[in-house]
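Student: Starting from the given sequences, assemble the full structure and let the hints guide the process.
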Amino acid sequence: MSYTGKVLRVNLDTGDVTKEPLNQDWAEKYFGGRGLGIKYLYEELKEGIDPLSSANKLILTTGPFTGTVVPCSGRLTFAAKSPATGTMLDSSIGGRFATQLKFAGYDVLIIEGQAENPACLVINDDRVEIRDATYLWGKGIFETESQLGEELGRESGVLSIGPAGEKLVSIACIGSEYYRQAARGGIGAVMGSKKLKAIVCSGSKDVTVPDMPGLLKLVKRLIWEDVLTDTNLGIYTDGTPQIVDMSNSAGVLPTRNFQDGVFEGASKINAESIRRLKPRKKACPACALGCGNYIRIGDNAVEGPEYETLALVGSNCGVDDIEAIIKFNAECDDVGIDTISAGNIVGFAMEMTERGIKDFGIRFGDIETYLKMPRLIGCQEGMGEELSRGVRYLAQKYGGIEFAMETKGLELPGYDPRGSWSMGLAYATANRGGCHMGGFPIGDEAFGDIDPFTIEGKAKLTIDAQHYNMIKFSLVLCDFWAVSLETMSELISCVRGREISVAELEKAAERIWNIGRLFNVREGFKAGEDTLPDRIFKDPLKSGAPAGRVLPRDQFDAMLQEYYQLRGWDNNGAPTPEKLKELEM
Amino acid sequence: MVVRIRMHGALARHFAGEGADSGNGMAITFPQKKVSVAQIFNRLRIPVEVVGFVAINGVRAAKDTWVTDEDEIAIFPLVTGG
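Note that the protein sequences, when read in sequence, are chains A and B.
Using this note's numbering, you'd call the opening residue of the first sequence number 1 and step up by one each time.
Using this note's numbering, you'd call the opening residue of the second sequence number 1 and step up by one each time.
Among the clues, some could well be false.
What the hints assert, rightly or not - Which chain A residues face chain B? A few, computed with CB under 10 Å, are given here:
| # | residue |
| --- | --- |
| 1 | Trp26 |
| 2 | Asn232 |
| 3 | Thr237 |
| 4 | Thr240 |
| 5 | Ser249 |
| 6 | Ala446 |
| 7 | Asp451 |
| 8 | Thr454 |
| 9 | Gly457 |
| 10 | Asp479 |
| 11 | Val483 |
| 12 | Leu485 |
| 13 | Met488 |
| 14 | Tyr564 |
Claimed, not checked - List of simulated lysine-lysine pairs, DSBU-like, C-alpha gap at most 30 Å:
| # | chain 1 | residue 1 | chain 2 | residue 2 |
| --- | --- | --- | --- | --- |
| 15 | A | Lys6 | A | Lys46 |
| 16 | A | Lys581 | A | Lys46 |
| 17 | B | Lys34 | A | Lys397 |
| 18 | A | Lys460 | B | Lys63 |
| 19 | A | Lys358 | A | Lys542 |
| 20 | A | Lys29 | A | Lys526 |
| 21 | A | Lys542 | B | Lys63 |
| 22 | A | Lys195 | A | Lys6 |
| 23 | A | Lys268 | A | Lys278 |
| 24 | A | Lys268 | B | Lys63 |
| 25 | A | Lys268 | A | Lys372 |
| 26 | A | Lys139 | A | Lys327 |
Keep in mind the hints are simulated off the structure, nothing from the lab.
For each residue, glycine too, the CB sits at the ideal point set by N, CA and C.
Tutor: Okay, here's the thing in structure tokens:
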């Protein structure tokens, strides 16, 4: 129920298009979105494949609520093997594509192989075409989207890559509706390796639920009592920029390549400074929150900048000029690169230059050179060719490994683990590498009322936060809705037509976390890779609440061992046979 | 004693009235020499469940932290992700 029951499979090697039944057992156990995507990936990918080869697959999944009136259910999830890290990768995006895919009659879209020439996949209900896209190759995401909108109608959902994806840049993203991105782990490079410039989808079918009056009644109540309420206030007013002041006060705002956690220019890049630019609100389908801050300054428009961009592209590069950050953000969106990784790379290059280790010709706060970076990196021009390979590559080649801020090869998001020890554990254990979407324990800890400078209870806190996100992102509900497990249970029970308890959801969450880990174990990942950059263990933060603090390595190791034990994994961070049996995997 | 209180994010509009400028905040006078963060919540009728955390003079504080004359209190809402 609420699934279309169909998977669309497109092979770009052969041009074959097939429609097959959705694996109902997997949908039952992994729901949709992240869980279902990673399950398909795990089952269909061979061990050790090159992520940029024809053997990798780009898997797009919707969820059990996509296309219904359930609030905040409009997102789409991608899964593939990551070209940035070699781990499993999931990455999600807002906009209307997911609902259009469901209306076209598909829960899942699997793209295999590699086209010979640039291609555009066009889906209109049962009609699926692979069209030539040579004329779009080389164009930025904005122009590509405008042109496809003109040709195929602006109501369609469009996903596309920019020059960065085409050039297989390991931080390339996929963009949609100009200003939204599935950004992390190089998902855009996977699409580029398939020579797939864009996917356009429109649908006219229905999504059915077993009890429509019941669902409408439930959703009406939730919107008033659980969505447009105090618990979500921050998101439907300011959106994520509100986190700048919080992070700065907690001393965890990455500043000058994580050399500090307090930025003297924070008040110039916070929510108030964005409010002064008079943003307009944008929302995904079925969303009452409308988190998007649409801002246009001259030729540059963005939705945001979001907190992660303000932190990594702003304070982490020593930049407090909000208009420069917006311009940098817009350039990243157009060439198609991830702002989190881009901000880290530029910050790292700045520190390398200032320390005299390698002169990249850019220093903290040098806005003129900084603004050239997105295009140089995305198009692999000049020094951008090397920078586009990411922080790990640069550190291995030139040094600075102790302040290369990445985990498993993925550059860190905007919360310094020295001021939030649980977030350190969340980064270290995240299956796709340094990532804040695997779990967000800082919300209860440094941003809540739990002591950030102890390891006591942190393994459990982190696991609970990871499981909460696994449920949310596999039901495909937006991160920004502070929805309870009980409400998620109520919603999925209503849509499935049978009671699904919180306990059942929690078990599914654990299963979903473990399938991601199994993928990585099969690829040869071991416990030693569940770690953090040396700077976190050795360099004390300078300012604010965490001044003088590191996350001591022995404490981190103890926290990690407790984490493995609680997860029922062995000392190498691999799930034990007993655990897998318990989870019916 | 007088403390200056800045409500961040949507808390500003919600508790200080539409259009309130959280940049300047509001000055609140207490008869005591010091009060706890929890007492400030009580005085302003801020439901604890909507508060993420509190900073005093820019540094994260707990609910039982004491606030004294001329302190600046920043109150942040809950967040679910960045």
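Student: Take the hints in turn and mark each one as holding or not.
Tutor: The hints, checked one at a time:
Violation of the interface hint for A/Trp26 is found here, the shortest Cβ-Cβ separation to chain B being roughly 26 Å, above the 10 Å cut-off. This hint holds: A/Asn232 has a C-beta 8 Å from the nearest C-beta of chain B, less than the 10 Å allowed. Checking A/Thr237 against chain B: minimum C-beta separation of about 4 Å stays under 10 Å; hint holds. Because the smallest distance between the Cβ of A/Thr240 and any Cβ of chain B comes to about 5 Å, under 10 Å, the interface hint for this residue holds.
Checking A/Ser249 against chain B by beta carbon gives a least distance of about 4 Å; that is within 10 Å, so the hint holds. Against a cut-off of 10 Å between C-beta atoms, the interface hint on A/Ala446 holds, since the closest Cβ of chain B lies about 7 Å away. Evaluation of the A/Asp451 hint against chain B yields a held restraint, the C-beta minimum of about 9 Å falling below 10 Å. A distance limit of 10 Å between C-beta atoms decides the matter here; for A/Thr454 the minimum to chain B is near 13 Å, and the interface restraint is violated.
At a threshold of 10 Å, the smallest CB-CB gap from A/Gly457 to chain B is about 16 Å, leaving the interface hint violated. Hint status for A/Asp479: holds, given a least beta-carbon distance of 4 Å to chain B, under 10 Å. For A/Val483, the interface hint holds, the least distance from its beta-carbon to any beta-carbon of chain B being 9 Å, beneath 10 Å. The beta carbon of A/Leu485 comes no nearer than 13 Å to any beta carbon in chain B, farther than 10 Å, and the hint placing it at the interface is violated.
Checking A/Met488 against chain B by beta carbon gives a least distance of about 13 Å; that is not within 10 Å, so the hint is violated. A distance limit of 10 Å between C-beta atoms decides the matter here; for A/Tyr564 the minimum to chain B is near 25 Å, and the interface restraint is violated. A C-alpha spacing of about 23 Å is found between A/Lys6 and A/Lys46, which places the hinted pair at or below 30 Å, so the restraint holds. Restraint check for A/Lys581 and A/Lys46: the C-alpha separation of about 23 Å stays at or below 30 Å, so the hint holds.
Between B/Lys34 and A/Lys397 the CA atoms are separated by roughly 56 Å; this puts the pair beyond 30 Å, and the hint is violated. Between the alpha carbons of A/Lys460 and B/Lys63 the distance comes to roughly 23 Å, so the proposed pair stays at or under 30 Å and holds. Among the hinted pairs, A/Lys358 with A/Lys542 is consistent with the structure: their alpha-carbon atoms are about 25 Å apart, no more than 30 Å. At most 30 Å may separate the alpha-carbon atoms for a hinted pair to count; A/Lys29 and A/Lys526 meet this at roughly 26 Å.
Simply put, A/Lys542 and B/Lys63 have alpha-carbon atoms about 25 Å apart, close enough for the 30 Å limit, and the pair holds. Between the alpha carbons of A/Lys195 and A/Lys6 the distance comes to roughly 25 Å, so the proposed pair stays at or under 30 Å and holds. For the proposed pair A/Lys268 and A/Lys278, the alpha carbon gap of about 15 Å is at most 30 Å, so the pair holds. Straight-line distance between C-alpha atoms of A/Lys268 and B/Lys63 comes to about 28 Å, which keeps the hinted pair within the 30 Å bound.
Distance check on the hinted pair: A/Lys268 and A/Lys372 sit about 22 Å apart at the alpha-carbon level, within 30 Å; holds. For a cut-off of 30 Å, the pair hint linking A/Lys139 to A/Lys327 stands: about 18 Å separates their Cα positions.
Going through the hint list in order, the structure does not satisfy hints 1, 8, 9, 12, 13, 14, 17.
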